[in-house]
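Enquirer: Top to bottom, those sequences are chains A and B.
Heads up: the first sequence begins at 10 in my numbering, then just goes up one per residue.
Heads up: the second sequence begins at 9 in my numbering, then just goes up one per residue.
There's no promise every hint is true.
[Unchecked claim] List time: in silico EDC-like cross-link candidates among lysine to aspartate or glutamate, alpha-carbon distance up to 16 Å:
(1) K12/A to D699/B
(2) K51/A to E467/B
(3) K212/B to D45/B
(4) K51/A to D45/B
If you're looking for bench data, these hints aren't it; they were derived computationally from the structure.
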Amino acid sequence: MDKITLDINGQARDLELEPDLPLLWLLRDELALTGTKFGCGKGLCGACTVQVDGQPTRACVTPAATLAGRRITTIEGAEGHVVEAVRAAWLHLDVAQCGYCQPGQILAASALLARIPRPSDADIDQALSANLCRCGTYPRIRAAVHFAAESLARQPAI
Amino acid sequence: MNRRHFLIAAGLASGGFLIGCTDSARQQLTRGSLPLDEGEIALNGWVKVGPDGRVTVAMAHSEMGQGIHTALLMLVIEELDCGWDNIGFENAPIDRLYGNVASMAEGVPFRRDDDGLLARGARWTMRQVAQQLGVMATGGSSSVRDLWQVLREAAAVTRETLKQAVARENALASESLSLEAGSFLHEGKVVMSLGDAVRLLGEKPAPATRWTLRDPADFRYIGKPLPRKEARAKIDGTAQFGLDIRRPDMLFAAIRFCPVRTAAVLNFEGGKAAAAPGVRGVVAVPPLHGGTGGVAVVADRWWQARKALALVELEIEKTAMAEFSSQSAMAKLAQALDEEDGFAFWRQGDPEPALEGSARRLTAEYSAPWLAHTTLEPMNCTVEYHGDRATVWAPTQVPGMARAAAAKALELDAEQVDLQVTLLGGGFGRRLEVDMVGQAAAIARHFPGRAVQLVWSREDDVQHDFYRPACVSRFEAGLDAQGRIVAWRNTTASQAIVPEYLARTLGMPGMGPDKATSEGAFDQAYEFPHAHVAHVTVDLPVPVGFWRAVGHSHQAFFKESFIDECAHAAGRDPLDYRLALLADHPRERAVLQLATERAGWPSASEEGRALGLALHESFGTLVAQVAEVSRSETGGIRVHRVVCAVDCGLAVNPNLIAQQMESAVVYGLSAAMSGRIDIENGQIRQGNFHDYPALALAQCPVIETHLVPSVAPPGGIGEPGLPPLAPAVANAFHALTGTRLRALPLTLPA
Numbered sequence: 010m011d012k013i014t015l016d017i018n019g020q021a022r023d024l025e026l027e028p029d030l031p032l033l034w035l036l037r038d039e040l041a042l043t044g045t046k047f048g049c050g051k052g053l054c055g056a057c058t059v060q061v062d063g064q065p066t067r068a069c070v071t072p073a074a075t076l077a078g079r080r081i082t083t084i085e086g087a088e089g090h091v092v093e094a095v096r097a098a099w100l101h102l103d104v105a106q107c108g109y110c111q112p113g114q115i116l117a118a119s120a121l122l123a124r125i126p127r128p129s130d131a132d133i134d135q136a137l138s139a140n141l142c143r144c145g146t147y148p149r150i151r152a153a154v155h156f157a158a159e160s161l162a163r164q165p166a167i
Numbered sequence: 009m010n011r012r013h014f015l016i017a018a019g020l021a022s023g024g025f026l027i028g029c030t031d032s033a034r035q036q037l038t039r040g041s042l043p044l045d046e047g048e049i050a051l052n053g054w055v056k057v058g059p060d061g062r063v064t065v066a067m068a069h070s071e072m073g074q075g076i077h078t079a080l081l082m083l084v085i086e087e088l089d090c091g092w093d094n095i096g097f098e099n100a101p102i103d104r105l106y107g108n109v110a111s112m113a114e115g116v117p118f119r120r121d122d123d124g125l126l127a128r129g130a131r132w133t134m135r136q137v138a139q140q141l142g143v144m145a146t147g148g149s150s151s152v153r154d155l156w157q158v159l160r161e162a163a164a165v166t167r168e169t170l171k172q173a174v175a176r177e178n179a180l181a182s183e184s185l186s187l188e189a190g191s192f193l194h195e196g197k198v199v200m201s202l203g204d205a206v207r208l209l210g211e212k213p214a215p216a217t218r219w220t221l222r223d224p225a226d227f228r229y230i231g232k233p234l235p236r237k238e239a240r241a242k243i244d245g246t247a248q249f250g251l252d253i254r255r256p257d258m259l260f261a262a263i264r265f266c267p268v269r270t271a272a273v274l275n276f277e278g279g280k281a282a283a284a285p286g287v288r289g290v291v292a293v294p295p296l297h298g299g300t301g302g303v304a305v306v307a308d309r310w311w312q313a314r315k316a317l318a319l320v321e322l323e324i325e326k327t328a329m330a331e332f333s334s335q336s337a338m339a340k341l342a343q344a345l346d347e348e349d350g351f352a353f354w355r356q357g358d359p360e361p362a363l364e365g366s367a368r369r370l371t372a373e374y375s376a377p378w379l380a381h382t383t384l385e386p387m388n389c390t391v392e393y394h395g396d397r398a399t400v401w402a403p404t405q406v407p408g409m410a411r412a413a414a415a416k417a418l419e420l421d422a423e424q425v426d427l428q429v430t431l432l433g434g435g436f437g438r439r440l441e442v443d444m445v446g447q448a449a450a451i452a453r454h455f456p457g458r459a460v461q462l463v464w465s466r467e468d469d470v471q472h473d474f475y476r477p478a479c480v481s482r483f484e485a486g487l488d489a490q491g492r493i494v495a496w497r498n499t500t501a502s503q504a505i506v507p508e509y510l511a512r513t514l515g516m517p518g519m520g521p522d523k524a525t526s527e528g529a530f531d532q533a534y535e536f537p538h539a540h541v542a543h544v545t546v547d548l549p550v551p552v553g554f555w556r557a558v559g560h561s562h563q564a565f566f567k568e569s570f571i572d573e574c575a576h577a578a579g580r581d582p583l584d585y586r587l588a589l590l591a592d593h594p595r596e597r598a599v600l601q602l603a604t605e606r607a608g609w610p611s612a613s614e615e616g617r618a619l620g621l622a623l624h625e626s627f628g629t630l631v632a633q634v635a636e637v638s639r640s641e642t643g644g645i646r647v648h649r650v651v652c653a654v655d656c657g658l659a660v661n662p663n664l665i666a667q668q669m670e671s672a673v674v675y676g677l678s679a680a681m682s683g684r685i686d687i688e689n690g691q692i693r694q695g696n697f698h699d700y701p702a703l704a705l706a707q708c709p710v711i712e713t714h715l716v717p718s719v720a721p722p723g724g725i726g727e728p729g730l731p732p733l734a735p736a737v738a739n740a741f742h743a744l745t746g747t748r749l750r751a752l753p754l755t756l757p758a
């Protein structure tokens, strides 16, 4: 067990961790942050996507103990004008179906828009194709990313 | 909150006053019992209204992405307009009242246009059986069809009763009042709020004896593209799936399954696992409800349980499954077609002499593999056992069966088990099974007083599924000199689903031929003068189950591909050829024409691309699709666009219908492009998304949905978009390359 302090959603958490414990299970089972989902356990589906220093990261294959000093953001703690624009676009286009992959999609889409404010279809393909959705919300995800980008372009930067 | 239980008066049905009610609706309106909060009223088991004007619907159907919570609330609010923000639901109690009649009634093995005595008798009998059994189930694209009448009636009687009370109180004629967005209006002015009207009724209100349903021309909610109710919870992380249940001091369980599907553990060595960090127990799990046996490790954290699984040693029983491999089984299915005639689901005219006398005969053999479901939320169930009672949280499509499975494993009466349905992270038929519920209860029994959450890994999910049956299909068509089909013979071979399913979930024997094996082959509209469609059931040890549009999902591929072959053999355009076979079927013609018109048939939008067409009816809904494809840079099939035309009767929510088309196209395309389960020595070779891939965003085509306007009663929508997808793509590929792909998944010849 290693003693470690992690920054999760802006909160410093003092934790004792097994060195190989994936962040996913720390979040879900230890901290009851269940918005981050378990889908494959192998970094193949993206359901567990969180942001680490703003980068989309697969929590199921990332040992929590490696994240000291990094900024971890889950769907519960995601805030700011980019993710709010993404959420608004998601509601406007009624993207979600079963909803299970959506926290991961939203964090991945927000990270994309933070990096590339006006992404092309090819940018979206590249950034979001590792986030699987079995319900097939892809066409609406694509449209919602463009919609969020347009609404952000109309807002003054904060 | 202080709750009383309100038993619905059985005397309600004493007069002949239920306007326009079917027998089943009458029964469903006059029985039931709902838990009520202080001041709430309920006139039936479906709808209650609070003194704050809030309407709560007893939700008998599971939300797995199809938007059913939203659609069913729309049916209620249409007749009881409390305002969209003031309507919600709670899980219906487990009661026969909420049994799904529509899905079972559809199980009779007759064509929809068969109006003979036998067919009518079977349908009537099946409805009676379904009502008696009262199995709560979400599946078969049946939820709206099942409750279309009942929910509107239940809401209307509630509205009318309240309206009469308001009329009496204000000395007004009841007919002069209307209810809009939570207020009773008289000549455009608010007379009383819905909540205040509830207060007028008292504890045991007498229900109104007459009411009318709103004319479809005046619908205010039905037909509108309302967004789903739970949309916000699904983007902020608060939506609660089965996997998200959290209880104080809960434990987590993982299972080391026998590698051979359905096998049982004879002996195990769990000492090392028991000594691993966090582990609280190691217990055997028998094969339950068709599941595989194994050994569960229970720990403070799932990660600890999962890691300790590697320390468990198993000795497993030898079964027939251990000798089984899928490759030789496909040959066995083909062999069954050589040797047996099977059960004829449809026979018309005299096909054999017609074939003999035809100008030209075409034959072909098609096949489809076993398929897994891979819902994104892995199988799970949470059970909190307290000796004489238990609570179960399950993301299930069958709450009553799930409760029975838990009760059996805990040796409790069903009434001692409180079963709560959570949101489902996908269903697709996998959650019609209750193996994971039985397992969770069997494990939790060892840990009284603490909730235990069983979570399967993705590998468990892929390797211990109930698979869509593999199927081999043979066709023979006789064409006349003009190329028209005069005789059609089609026999398919696969395992049956329904008898196994009934046995493992309900402990019941199956009845009669299994329609699920042949649905989509024998029940379509093409006007063949002579036809024979049969199915040979082959017993194999692979557990098979329902899947999205199960039988239709491969039968449509076979049939629509072979129709295309006939069109090409006749030198005819595939659209014109189909239209000529549907002279007396205007609804089919209309979807074909709408889809092709919107797709720009017969020309693809760019050089190097081609269009393919398919038509299929399933679950009371007609869908035509046009797929536009090209060769990808690597030589594979690239699908650019799928245009869907849908006749699902009256469109309750066009937004949800479009979503379901998109969903079915994506799910269908995953299966068509890469879905296959291979089995060797009883072990499933695939295990996760790297070898059982799901379509990714970059591969997703543009999907358009166009609705044929209709006022016919609604058809199903969760599944009908899937069957035509694979043949539309395969037909487009043929149009592009001249190569006919007759096996799923659509892999190209080397």
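Enquirer: Against each hint, give a clear statement of whether it holds in the structure.
Expert: Verification of the hints:
no.	hint	result
1	K12/A to D699/B	violated (38 Å)
2	K51/A to E467/B	holds (10 Å)
3	K212/B to D45/B	holds (14 Å)
4	K51/A to D45/B	violated (46 Å)
When each numbered hint is compared with the structure, violations occur for hints 1 and 4.
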